[in-house]
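**Student:** Go ahead and model the full structure; you've got the sequences and the hints to work with.
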Amino acid sequence: MERQRALGRRRARPVDRPGGARRAPRDRPGDAARLFGCPYLDRVLAAYEETAPLAGGSAGRVGVHQLFPLLVHAVLFGRGYAEQALTAARAALRPER
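Following my numbering, the numbering of the sequence shown begins with 658 at its first residue and continues without gaps.
If you're looking for bench data, these hints aren't it; they were derived computationally from the structure.
Given the structure is predicted, the values throughout are model-derived calculations rather than measurements.
Every residue, glycine too, gets a C-beta built ideally from N, C-alpha and C.
Misleading hints may appear alongside valid ones.
What the hints assert, rightly or not - Ranges between beta-carbon positions, derived for each pair:
#, residue 1, residue 2, range
1, ALA690, ALA749, 14 to 22 Å
2, ASP699, THR744, 19 to 27 Å
3, ALA709, GLY735, 35 to 43 Å
4, CYS695, VAL729, 13 to 21 Å
5, THR708, LEU750, 26 to 34 Å
**Tutor:** Here it is as structure tokens:
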């Protein structure tokens, strides 16, 4: 019994992984494919939708899901990605109509 209590008190060990690598919403992979390109993107997205339809409003979240990779690329590769990140952020903050 004492051993079980001791095991329950163990501290969680830190996990070494990038901040952007976490459990992501199901629509994030499609949004990344839109951002960086994917051969046969329309077919891939149609198959994805057929297999596991996304929740309504997923089109409105594209910019939010693309923002982190764009910011990382802006830091690594420069201003062109910064402009895209700014556009994505503005679109994400714009209220839906």
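**Student:** Are the hints correct? Go through all of them and say.
**Tutor:** Going through the hints against the structure:
1. ALA690 - ALA749: 14 to 22 Å: holds (18 Å)
2. ASP699 - THR744: 19 to 27 Å: Taking Cβ atoms as reference, ASP699 and THR744 lie about 23 Å apart, which means the hint holds.
3. ALA709 - GLY735: 35 to 43 Å: This hint holds: roughly 36 Å between Cβ atoms.
4. CYS695 - VAL729: 13 to 21 Å: At 19 Å between Cβs, range holds.
5. THR708 - LEU750: 26 to 34 Å: holds (31 Å)
Of the hints listed earlier, there is not a single one the structure fails to meet.
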